[in-house]
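J.: Take a look at the letters that make up each chain.
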Amino acid sequence: MTAAGNPAVAGVGRPITGGRRLSLTWVGAVPFLGYVSVFLFLPTIIIAAGAFLSDSGPTLSNFGNLSRSYIVSATINSLILSGITAVLGAALGAVLSYAIATGNPNGVLRRAAVSASGVLAQFGGVTLAFAALASIGPAGIVYLWMAQNNLDFYSSGTWLYDLRGLEVVYLYFQIPLMVLVFLPAVDGIRPQWREATESLGGNTWHYWRYVAGPLLAPAFLGATLLLFANSLSAYATAAALINQGGIILPLQISNAITSEVGLHEPGFAKAQAVVLIAIVGIVTALYAVLQRRTGRWLQ
Amino acid sequence: MAAVSRARRLKLRVFRIVTLVVFGAFFLIPIYAMFEFSTRGNGVDAPRTLDNWKAIGTYPDMVAGIVNSLELAAITSVATLVVLVPTMVWVRLRLPRLRRVIELISLLPLTIPAIVLVVGFGPMYLWLGTNFSDSILTLSFAYSILVLPYAYRALDAGLAAIDVKTLSEAARSLGAGWPTVMWRVIVPNMSSALLNAALLSVALVLGEYTIANNLLYPNLQVELVSLGRTNAGVSIAVAVASLLFAFVLLIAISFFGRPRRMRSEVA
Numbered sequence: 001m002t003a004a005g006n007p008a009v010a011g012v013g014r015p016i017t018g019g020r021r022l023s024l025t026w027v028g029a030v031p032f033l034g035y036v037s038v039f040l041f042l043p044t045i046i047i048a049a050g051a052f053l054s055d056s057g058p059t060l061s062n063f064g065n066l067s068r069s070y071i072v073s074a075t076i077n078s079l080i081l082s083g084i085t086a087v088l089g090a091a092l093g094a095v096l097s098y099a100i101a102t103g104n105p106n107g108v109l110r111r112a113a114v115s116a117s118g119v120l121a122q123f124g125g126v127t128l129a130f131a132a133l134a135s136i137g138p139a140g141i142v143y144l145w146m147a148q149n150n151l152d153f154y155s156s157g158t159w160l161y162d163l164r165g166l167e168v169v170y171l172y173f174q175i176p177l178m179v180l181v182f183l184p185a186v187d188g189i190r191p192q193w194r195e196a197t198e199s200l201g202g203n204t205w206h207y208w209r210y211v212a213g214p215l216l217a218p219a220f221l222g223a224t225l226l227l228f229a230n231s232l233s234a235y236a237t238a239a240a241l242i243n244q245g246g247i248i249l250p251l252q253i254s255n256a257i258t259s260e261v262g263l264h265e266p267g268f269a270k271a272q273a274v275v276l277i278a279i280v281g282i283v284t285a286l287y288a289v290l291q292r293r294t295g296r297w298l299q
Numbered sequence: 001m002a003a004v005s006r007a008r009r010l011k012l013r014v015f016r017i018v019t020l021v022v023f024g025a026f027f028l029i030p031i032y033a034m035f036e037f038s039t040r041g042n043g044v045d046a047p048r049t050l051d052n053w054k055a056i057g058t059y060p061d062m063v064a065g066i067v068n069s070l071e072l073a074a075i076t077s078v079a080t081l082v083v084l085v086p087t088m089v090w091v092r093l094r095l096p097r098l099r100r101v102i103e104l105i106s107l108l109p110l111t112i113p114a115i116v117l118v119v120g121f122g123p124m125y126l127w128l129g130t131n132f133s134d135s136i137l138t139l140s141f142a143y144s145i146l147v148l149p150y151a152y153r154a155l156d157a158g159l160a161a162i163d164v165k166t167l168s169e170a171a172r173s174l175g176a177g178w179p180t181v182m183w184r185v186i187v188p189n190m191s192s193a194l195l196n197a198a199l200l201s202v203a204l205v206l207g208e209y210t211i212a213n214n215l216l217y218p219n220l221q222v223e224l225v226s227l228g229r230t231n232a233g234v235s236i237a238v239a240v241a242s243l244l245f246a247f248v249l250l251i252a253i254s255f256f257g258r259p260r261r262m263r264s265e266v267a
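In order, the protein sequences belong to chains U and X.
Here the first sequence stands for residues 1 to 299, where the numbers follow the working numbering.
Here the second sequence stands for residues 1 to 267, where the numbers follow the working numbering.
Among the hints, a few may not be true.
[What the hints assert, rightly or not] Just so you have them, the derived chain X footprint on chain U, three or more residues with Cβ under 8 angstroms:
1. 57-63
2. 137-149
3. 237-248
[Stated by the list, open to error] Facing chain X, a subset of chain U residues (Cβ under 7 angstroms, in silico):
4. V30
5. V108
6. R111
7. S115
8. V126
9. A131
10. S233
[Unchecked claim] Pair ranges (Cβ atoms, derived):
11. I282/U x A160/X: 28 to 36 angstroms
12. P188/X x L200/U: 51 to 59 angstroms
13. A241/X x G201/U: 55 to 63 angstroms
14. P214/U x L137/X: 51 to 59 angstroms
None of these hints come from the bench; they were simulated from the model.
Every residue gets a Cβ at the ideal spot worked out from N, C-alpha and C, and that includes glycine.
Could you put together the complete structure from these sequences and hints?
T.: Structural data, given as structure tokens:
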């Protein structure tokens, strides 16, 4: 290691030049830090500060406004939607991950499945709403076919544009996200563990109950939390599917910043944003803790 | 013993086939339905037609949205790489203490929902619009933040596979300046990682709706939704095309990423 390669050492030996070299070294990080300061930290500060401000100075009234009935019900809806799609998405996604992981690791099937999962989990958004309309929408091919065969699932009302519809459509990005985050954990299972179980007289049930299950549990729980946060944050699919109203919190936030009301109450949207980010933050922190536990066994 | 494992292998095969067929149907039927919907003719028994697909070009707003999104994708991916790559290389070489910080910051946008970020972007873009430019291309600033975690992870994997320190010290000792080290030594050695990061950024920007819609800029997805309210057939045609485009990009990534990783495993 040369002195030039280690500015801290150079700084001790030659205070003047070392000091200048130190500052020059730090200049290299300035463009990046400056950029994220303006476009990542500044908006965050605008939200955090704005939530506690009104025209007349500091206030908590923005948070008081959150007790309006439509915000409360949107928040509850968001939590229900996220809970259901996280649990279902995690369970179904785990089964799919196992089916993919037991195949050829370099095969076409796995490559296509992982790429498709990436598309649906990260870039689906608006397109998923259209996919739902084209398939199970009132004019969609699946609905028309089932209605012809006396399986009209809208006989008691078109639920596609309600919370139930969102629950179905959200699975189309929750299951793929589960595959993306859970597949590495399933890959970590070693065939030797299975053989060890068998040589000790254990059967398939014993293997899953006492070996693979407990090993995968932290990863599974962590992934479920990630799915929960993901569903809470999702906006595009719901906005494209539901034209009006705000049955979930992200839609309410959007209403608050784009509508006339929003101009009169700029702190209102920010208070809602603070609530959303607080929930997502807590869930993500728990996920990070579980992720660290997973790392111990499955690498 | 052999009999047991043969029975188990058969069970596993049945499980895999059933699972993959069921999930395949669950995910492919809606995609097929979009093709079916977009090729419907007028009337109940009208034959299949490509009219909706041919009509895409006749909607100027839609075309403008597509062009806007393509420009945004190009600017965002280039700008992100230009800011991120030198920083990451520099931090690895000279500021190792900062590495965790840069990683933490880069992954931060994953935990801040876009719908939250846009609340903070609102006043900023209002100011940008009145004092600087109200062009839709200014969205690139916000999009660079959105793609940051994805670009960071792709580039980090690329940098981990090469010995940046030895390469740059060798180049420096042969008299190369820092720009030469970057352009002619580091960049060619991590070209597949750069391509991954760029393609991911492109796919992400083409699918972006939340920020553009709430800041009232007409990108591809915003136009898709607004056209979908008047002409669902054409809109669904564009939607399925954009979905397949993203799929092609990601499949491409899965091929580009491989050879280097295999080589480093051997070594």
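J.: All hints, please: hold or fail.
T.: Quick rundown of the hints versus the structure:
1. 57-63: With 0 residues closer than 8 angstroms to chain X, the stretch 57-63 of chain U misses the three-residue bar; violated.
2. 137-149: That given contact holds, which follows from 4 residues of the stretch 137-149 of chain U lying within Cβ reach (below 8 angstroms) of chain X.
3. 237-248: Three-residue rule met by the stretch 237-248 of chain U, so holds; n is 3.
4. V30: 9 angstroms, violated
5. V108: 10 angstroms, violated
6. R111: 5 angstroms, holds
7. S115: 4 angstroms, holds
8. V126: 5 angstroms, holds
9. A131: At 4 angstroms from the nearest chain X Cβ, A131/U passes the 7 angstroms test, so the hint holds.
10. S233: Given a least distance of 3 angstroms, the restraint on S233/U holds.
11. I282/U x A160/X: 28 to 36 angstroms: 31 angstroms, holds
12. P188/X x L200/U: 51 to 59 angstroms: Taking Cβ atoms as reference, P188/X and L200/U lie about 53 angstroms apart, which means the hint holds.
13. A241/X x G201/U: 55 to 63 angstroms: With Cβ atoms ~56 angstroms apart, the hint holds.
14. P214/U x L137/X: 51 to 59 angstroms: 52 angstroms, holds
The structure fails hints 1, 4 and 5 (numbered hints given earlier, in ascending order).
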